[in-house]
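Asks: As they're listed, the protein sequences go chains W and U. Residue numbers for the first sequence follow the working numbering, beginning at 1 and rising by one. Residue numbers for the second sequence follow the working numbering, beginning at 1 and rising by one.
Hints were generated in silico from the structure; no laboratory data involved. Keep in mind that a hint or two might mislead.
Which copy is meant is left open, because identical chains are indistinguishable; a pair holds if it fits in one copy or across any two.
Stated by the list, open to error - Heads up, simulated BS3-like pairs for lysine-lysine below, C-alpha to C-alpha not over 30 Å straight-line:
1) K22 / K284
2) K98 / K22
3) K58 / K308
4) K406 / K152
5) K198 / K22
6) K284 / K149
7) K54 / K84
8) K98 / K307
9) K98 / K28
There are 2 protein chains.
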Amino acid sequence: MALANENYFNIQEIYYSNEIEKRVNAYKLLHPAADIIRLTTADVTHPLPKEAIKAIKKAADEMGVAGTFRGYSPAKGYDFLIEKIVKDYRTIGITIDKECVFINSGAKPDLGNIGHILGIDNITAVAEPVCPMYENSIIISGRGGYVTKDNKWSNIVYIPCDSTDDFAPNIPQERVDVVYLCNPNNPTGTVITKSKLKEWVDYAIRHQSIIVYDCAYQGFLSSPDVPKSIYEIKGAKRVAVEIHSYSKCAGFTGLRCGYSVFPAELQVYAKTGEKIALLDLWTKRNANYTNGVPYIIQRAAEALYSKKGQREVDETVSQILSNAALIKETLTSRGLKVWGGVDSPYVWLKVPGRQSSWKFFTHLLYESQVVGIPGNVFGTSGEGYMRLTGFATPDDTQAAVDRLQKVKL
Amino acid sequence: MALANENYFNIQEIYYSNEIEKRVNAYKLLHPAADIIRLTTADVTHPLPKEAIKAIKKAADEMGVAGTFRGYSPAKGYDFLIEKIVKDYRTIGITIDKECVFINSGAKPDLGNIGHILGIDNITAVAEPVCPMYENSIIISGRGGYVTKDNKWSNIVYIPCDSTDDFAPNIPQERVDVVYLCNPNNPTGTVITKSKLKEWVDYAIRHQSIIVYDCAYQGFLSSPDVPKSIYEIKGAKRVAVEIHSYSKCAGFTGLRCGYSVFPAELQVYAKTGEKIALLDLWTKRNANYTNGVPYIIQRAAEALYSKKGQREVDETVSQILSNAALIKETLTSRGLKVWGGVDSPYVWLKVPGRQSSWKFFTHLLYESQVVGIPGNVFGTSGEGYMRLTGFATPDDTQAAVDRLQKVKL
Chain W
1 MALANENYFN
11 IQEIYYSNEI
21 EKRVNAYKLL
31 HPAADIIRLT
41 TADVTHPLPK
51 EAIKAIKKAA
61 DEMGVAGTFR
71 GYSPAKGYDF
81 LIEKIVKDYR
91 TIGITIDKEC
101 VFINSGAKPD
111 LGNIGHILGI
121 DNITAVAEPV
131 CPMYENSIII
141 SGRGGYVTKD
151 NKWSNIVYIP
161 CDSTDDFAPN
171 IPQERVDVVY
181 LCNPNNPTGT
191 VITKSKLKEW
201 VDYAIRHQSI
211 IVYDCAYQGF
221 LSSPDVPKSI
231 YEIKGAKRVA
241 VEIHSYSKCA
251 GFTGLRCGYS
261 VFPAELQVYA
271 KTGEKIALLD
281 LWTKRNANYT
291 NGVPYIIQRA
301 AEALYSKKGQ
311 REVDETVSQI
321 LSNAALIKET
331 LTSRGLKVWG
341 GVDSPYVWLK
351 VPGRQSSWKF
361 FTHLLYESQV
371 VGIPGNVFGT
381 SGEGYMRLTG
391 FATPDDTQAA
401 VDRLQKVKL
Chain U
1 MALANENYFN
11 IQEIYYSNEI
21 EKRVNAYKLL
31 HPAADIIRLT
41 TADVTHPLPK
51 EAIKAIKKAA
61 DEMGVAGTFR
71 GYSPAKGYDF
81 LIEKIVKDYR
91 TIGITIDKEC
101 VFINSGAKPD
111 LGNIGHILGI
121 DNITAVAEPV
131 CPMYENSIII
141 SGRGGYVTKD
151 NKWSNIVYIP
161 CDSTDDFAPN
171 IPQERVDVVY
181 LCNPNNPTGT
191 VITKSKLKEW
201 VDYAIRHQSI
211 IVYDCAYQGF
221 LSSPDVPKSI
231 YEIKGAKRVA
241 VEIHSYSKCA
251 GFTGLRCGYS
261 VFPAELQVYA
271 KTGEKIALLD
281 LWTKRNANYT
291 NGVPYIIQRA
301 AEALYSKKGQ
311 REVDETVSQI
321 LSNAALIKET
331 LTSRGLKVWG
341 GVDSPYVWLK
351 VPGRQSSWKF
361 FTHLLYESQV
371 VGIPGNVFGT
381 SGEGYMRLTG
391 FATPDDTQAA
401 VDRLQKVKL
């Protein structure tokens with residue numbers, strides 16, 4: 001009798017998006033002519049950089065000719081792209097060995113699959129509010145423990161982040177073995193400064209813990225006190241995996257490419273105390289579970305590092321940041337408390353008065369036809385907040401902002 | 001202290017290829033001018049179909065324009081491709097609901113990751129000789145049990161396949177919960193007939209087991225008594241997942257695309273006896289661990305179903321099969337016993353006399369500079385055999401065959 005992994009019974013089918021769609025559809029049934037603007041999306045709308053398109057076409061042509069055809073990619077990716085990544089790190093003063101870089105299919109698979117190379121008994125921490133996929137992947141992997149009275153998981157340490165500290169994740173009292181950090185954070189759009197991140201690295205060194213550092217939004221960072229990479233912090237290579245994606249900054253959500261760094265110095269432990277490089281485990285996982293990322297996609301990513309490509313990426317990023325800034329300004333001028341929107345595409349707002357997140361969601365939808373994501377879908381400490389994003393087109397963002405200017409709050 | 005998944009300690013870093021390369025390199029050091037021909041490869045050498053290249057370029061252009069740009073793919077894939085797959089099944093008389101089809105990144109990730117939605121206590125069977133990744137993924141997932149005296153895993157049932165039965169996998173005496181079947185088989189190149197497969201489906205229904213049916217080489221099948229799909233067998237939708245790939249037949253090893261079918265009828269069990277559709281678990285896994293396959297790659301796969309695309313796929317397949325047939329004929333004419341090479345790119349030969357697989361590997365390398373894969377790397381019952389493939393170019397295959405014609409056996 002084939003048994004199921006029953007841990008899957010404990011997660012919802014697909015995040016929160018179903019519930020949002022259900023409510024938006026109910027509104028549309030009553031108001032079929034309504035022009036709804038979604039500031040919910042974490043998907044990009046800016047077309048792909050022209051340099052990436054050129055690279056795809058060139059690579060496609062190569063694939064049609066016997067002399068230049070390429071079969072299987074190395075499981076960890078082609079050197080031509082890895083070398084560009086290593087060079088890019090060098091521009092911020094970080095030396096990364098190319099053996100430690102793995103081309104991925106975007107951040108998500110690696111953020112989840114890293115759980116597969118870790119022991120089942122690890123205690124994992126997540127900052128809250130948090131992207132649901134971290135928690136889901138911990139639960140699915142059987143690392144959640146049991147559900148406590150307050151509807152939390154016993155083996156997950158939730159690090160409550162709140163407005164008193166601009167949503168910065170503080171070091172927990174207890175020992176954790178693994179912690180997910182996202183900088184800038186999704187959903188709050190807030191950042192972890194160098195000094196705060198140093199606390200985390202020191203904590204991880206002290207406890208022989210590892211930090212899974214989600215860098216998917218790195219390209220949006222510009223404030224001087226915010227590190228571009230965790231490896232700017234001394235000792236971080238001993239404790240941190242850094243997971244990147246080209247999705248948000250280069251319009252690659254539909255292309256699926258990024259990279260993950262597993263420094264050779266980063267060791268995990270057998271129960272006997274024996275040490276092993278996490279890099280070795282990941283190399284094995286990669287060889288057994290993947291055949292790499294498509295060649296033509298890796299060429300598209302490589303093109304982002306050319307001068308022209310970089311300029312196009314910069315344009316995409318600055319457009320998204322302009323959108324986010326516009327949303328932030330508007331909400332602030334309306335007297336709301338707002339976070340994010342500077343080093344991040346996300347804008348996080350305190351809903352006015354004592355309304356719940358869903359109540360404000362409904363209010364905005366019915367009164368302005370603007371859709372946001374209720375903060376409580378990112379965990380209970382997100383209750384009373386909402387996430388908006390700068391990913392919509394400039395026209396849609398402007399139209400949404402015009403409505404937010406007038407809507408009764 | 002971050003603990004490792006210690007099951008990873010129990011597998012080798014990368015299959016067998018390192019060992020083969022080591023020995024080939026040792027030969028090359030002694031004979032730097034040698035012209036070595038590898039009939040080891042499972043990678044394709046035939047360029048990508050022109051229709052696929054056209055589709056990639058068209059899709060790339062769409063991605064550069066705001067109106068046609070596409071962000072995230074649906075996690076399970078685009079309908080335009082899924083509908084082609086459903087239609088293709090219909091040509092062989094099989095009705096598959098499109099909700100059950102998932103576009104994958106080639107067969108390998110799904111063949112491994114399916115273990116993640118199954119319970120840890122399942123007993124798994126593999127036919128032997130076998131592609132090492134099945135066994136590795138069982139061990140890594142903690143489903144192997146312990147190593148027995150004869151160097152096998154206690155919770156893996158090995159189904160010895162041998163020459164007396166043309167390497168057909170026979171139903172085991174004991175109950176197994178999950179079984180991997182590959183048709184045509186890698187490495188033996190032999191097939192599972194309809195009547196044999198019916199035995200397996202009936203067995204799985206009887207034991208409430210599931211069959212993970214690896215169809216990566218389906219396109220090479222033509223013998224009338226061999227099913228193109230396990231769903232040709234009555235009742236198979238209740239017990240079988242079918243995993244396909246465009247890699248081998250369409251030259252897609254460097255593009256990474258295929259599809260997996262999880263019929264809604266296929267149920268697995270909670271320990272309480274409660275039933276759950278495996279499809280639901282896979283949908284959750286997909287939503288949490290992937291963001292789908294690149295849009296442009298899905299368009300390339302769609303193009304294979306056009307008339308021109310199909311013709312190009314047929315040409316690729318027939319070239320590989322011609323290579324395999326040539327190798328088979330040559331070896332047969334030299335008096336060797338040979339299997340496969342008809343419905344499969346793989347040729348499986350009994351090494352002459354009582355030599356070990358590695359001994360014959362060395363003999364062929366030194367006497368003819370032709371490289372094959374020693375059969376014992378596919379499990380102990382592969383000892384005394386060797387795998388050759390039809391994937392090399394026609395010129396290389398001809399040159400290899402000329403040498404095999406003359407080499408002392």
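Asks: Within a copy, between copies, both or neither: which one fits K406 and K152 at a CA-CA cutoff of 30 Å?
Replies: neither (39 Å within a copy, 71 Å between copies)
Asks: Given identical chains, is K54 near K84, meaning Cα to Cα at most 30 Å, within a copy, between copies, both, or neither?
Replies: both (18 Å within a copy, 28 Å between copies)
Asks: My question is about K98 and K307: at a cut-off of 30 Å on alpha-carbon distance, are they close within one copy, between copies, both, or neither?
Replies: within (22 Å within a copy, 44 Å between copies)
Asks: Classify it for me, K22 with K284: is the Cα-Cα distance of at most 30 Å met within a copy, between copies, both or neither?
Replies: Answer is between; shortest inter-copy Cα gap is 19 Å, intra-copy 42 Å.
Asks: Given a CA cutoff of 30 Å, do K98 and K22 count as a within-copy pair, a between-copy pair, both, or neither?
Replies: Cα proximity of K98 and K22: across copies only (22 Å, versus 46 Å in one copy).
Asks: Taking 30 Å as the upper bound on the Cα-Cα distance, should K198 and K22 be classified as within, between, both, or neither?
Replies: This pair counts as neither: shortest intra-copy Cα distance 43 Å, inter-copy 44 Å.
Asks: My question is about K98 and K28: at a cut-off of 30 Å on alpha-carbon distance, are they close within one copy, between copies, both, or neither?
Replies: between (51 Å within a copy, 27 Å between copies)
Asks: As a check of your reading, is K284 near K149 (CA-CA no more than 30 Å) within one copy, between copies, both or neither?
Replies: Answer is between: at 25 Å across copies they meet the 30 Å cutoff, but 39 Å inside does not.
Asks: When no copy is named, should K58 and K308 be tagged within, between, both, or neither for a Cα gap of at most 30 Å?
Replies: both (16 Å within a copy, 22 Å between copies)
The structure shown violates the earlier hints numbered 4, 5.
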